[in-house]
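Participant: The residues making up each chain are set out below.
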Amino acid sequence: MLAKIHVTFKDGVLDPQGKAVHHALADLGYKEVQAVNIGKYMEIRLADGISEDEAQSRIEEMCDKLLTNPIIESYRFTLAPSE
Amino acid sequence: MKCGVVVFPGSNCDRDCYHVLKQVYKLDAQWIWHKDLRLEKFDLIVLPGGFSYGDYLRPGAIARFSPVMKTLMDYARTGGRILGICNGFQILLEAGLLPGALMRNRSQTFICKPVYVRVENNRTPFTGQCAEKAVLQIPIAHADGRFFVSDADLGRLEDNGQIVLRYCDRNGETTEAANPNGSVGNIAAVANEAKTILGMMPHPERCADPLWADLDGEPIFQSLIQSF
Chain X
13 MLAKIHVTFK
23 DGVLDPQGKA
33 VHHALADLGY
43 KEVQAVNIGK
53 YMEIRLADGI
63 SEDEAQSRIE
73 EMCDKLLTNP
83 IIESYRFTLA
93 PSE
Chain Z
5 MKCGVVVFPG
15 SNCDRDCYHV
25 LKQVYKLDAQ
35 WIWHKDLRLE
45 KFDLIVLPGG
55 FSYGDYLRPG
65 AIARFSPVMK
75 TLMDYARTGG
85 RILGICNGFQ
95 ILLEAGLLPG
105 ALMRNRSQTF
115 ICKPVYVRVE
125 NNRTPFTGQC
135 AEKAVLQIPI
145 AHADGRFFVS
155 DADLGRLEDN
165 GQIVLRYCDR
175 NGETTEAANP
185 NGSVGNIAAV
195 ANEAKTILGM
205 MPHPERCADP
215 LWADLDGEPI
225 FQSLIQSF
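Heads up: the sequence lines are chains X and Z, in that order. Per this note's numbering, residue 13 is the first one in the first sequence, and the count goes up by one each step. Per this note's numbering, residue 5 is the first one in the second sequence, and the count goes up by one each step.
To be clear, the hints were calculated from the coordinates, so they are not data collected in a lab. Here the structure is a predicted model, which is why all the values come from computation and not from measurement. Note that the Cβ used here is the ideal one computed from N, Cα and C, for glycine as well. Be aware that one or more of the hints could be misleading.
[Claimed, not checked] Simulated pairs of lysine-lysine, DSS-like, Cα-Cα distance not exceeding 27 Å:
hint, chain 1, residue 1, chain 2, residue 2
1, X, K31, X, K16
2, Z, K199, Z, K45
3, X, K77, Z, K74
4, Z, K117, X, K31
5, Z, K199, Z, K74
6, Z, K45, Z, K30
7, X, K77, Z, K39
8, Z, K199, Z, K6
9, Z, K45, Z, K137
[Stated by the list, open to error] Short, incomplete list of chain Z residues facing chain X, as computed with Cβ under 7 Å:
hint, residue
10, R62
11, A105
12, R110
13, Q112
14, F152
Given these sequences and hints, build the entire structure.
Facilitator: This is the structure in C-alpha cells:
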C-alpha cells in the first residue's frame, strides 16, 4: 500500500512563499490565479497485506504525531496499491 | 545550581551555553546526551541552538522524540526549569511544552544579526534581574523564527504574562520594521503558564562573557542564578 500525503498551511497562516509565487505568476500574465499555497508531498510505503482501514488510521496517526504540526498545517492523503 | 546542556545530533550552540554556565558563571554544568534516559537532579536544563537532526521535516520535529525528551517531559511536569534557545525553543514547541509554532522567516532567508528585544515580563525566573521594559541587544541566527499562534491563544498568552520578550527598535518601540522575521506581535520569547520554561529565539549565550564587547545576554543568566 502506498500513501500519498499532501501537507499545506492552514487558512490564516501566512505563506510568504505562496504569496511570492502568486506575484510572479501574475507578473507572467496569469491573471486568473487567485491563490497559491505551497506545501509538502510525502510518499509512505506500507507493508503488504495491511488492510485499507488499518492503513487509513495508521497514516492519520503518523500525520498527527510527527509528519505535520497541527497548529499550522493540515493534511490529506490517498491510499493506493503499491506499484 | 546544577545545570545540564542537552546535546542532540546537530546541536551547535551547546558549547557556547556550557562555556557561559561553567566558565563565566562558575556553575556546576554537565552535558546531557540525547540518548540519556535517566537524568540526575538538575536545577536548570538548557536546550541549545543548532540544527538537531538537520531540521528535517520541521525544526525540532524529530528531536522532540529523542530518548532524553521523555525524561525531560517528566522534569518539566515537576516544575523543572528549562531554557530553550533557538532550536531549543523549536523543540519545546514541537514537544507541546510551550504554545505556538515557529515557521520559516517572512523573508524566507536565514537571518544572523543583533536585534533589540524588550522585556515584557520581568517577573519570571529568566528575567527577574531586568528592569521593567528593559531593552536588550541580543543576536539572532535562524531561518525558522516566525512565531505563530492563533488569535485566541495570543490573547491568552498576553493575559497570562507568557510573552516575555518582543522584538523592538533601540528605543523599545515594537514597530513592524523592528520585527526581523514576521513573528505575530513581534514575539521573541514565550514562557509556559507557570513560568518555569522559557523559549527564546535570540541567543543570550553569545553575549554573556565579559571578554566580549556585548553583554546584554548577562541579565538572563543572572536572573536564573538569582532565582535560586
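Participant: Are Z/K117 and X/K31 close enough, with their CA atoms no more than 27 Å apart?
Facilitator: Answer holds: Z/K117 to X/K31 is near 25 Å, not above 27 Å.
Participant: Regarding the pair X/K77 and Z/K74, is the alpha-carbon distance no greater than 27 Å?
Facilitator: Satisfied, since the Cα-Cα distance of roughly 15 Å is no more than 27 Å.
Participant: Just to be careful: measuring from the Cβ of Z/F152 to every Cβ in chain X, is the smallest value less than 7 Å?
Facilitator: holds (6 Å)
Participant: Regarding the pair X/K31 and X/K16, is the alpha-carbon distance no greater than 27 Å?
Facilitator: Given that 27 Å is the threshold and the Cα spacing comes to 25 Å, the pair holds.
Participant: Hey, Z/K199 versus Z/K6, does the alpha-carbon distance stay inside 27 Å?
Facilitator: holds (19 Å)
Participant: Does Z/K30 sit within 27 Å of Z/K45, going by the straight-line distance between their CA atoms?
Facilitator: This hinted pair holds, its Cα atoms lying about 18 Å apart.
Participant: Would the pair Z/K199 and Z/K45 pass a check requiring their Cα atoms to be no farther apart than 27 Å?
Facilitator: Given that 27 Å is the threshold and the Cα spacing comes to 19 Å, the pair holds.
Participant: Would the pair Z/K199 and Z/K74 pass a check requiring their Cα atoms to be no farther apart than 27 Å?
Facilitator: holds (20 Å)
Participant: Going by Cβ atoms only, is Z/R62 closer than 7 Å to chain X?
Facilitator: For Z/R62, the interface hint holds, since the closest Cβ of chain X sits about 6 Å away, which is under 7 Å.
Participant: Against chain X, run the beta carbon of Z/R110 and see if the smallest gap drops under 7 Å.
Facilitator: Because about 5 Å separates Z/R110 from the closest Cβ in chain X, which is inside the 7 Å limit, the hint holds.
Participant: Are the Cα atoms of Z/K45 and Z/K137 separated by 27 Å or less?
Facilitator: violated (34 Å)
Participant: Has the given pair, X/K77 with Z/K39, been kept, meaning a C-alpha gap of at most 27 Å?
Facilitator: holds (20 Å)
Hint violations for this structure: number 9 only, all remaining hints satisfied.
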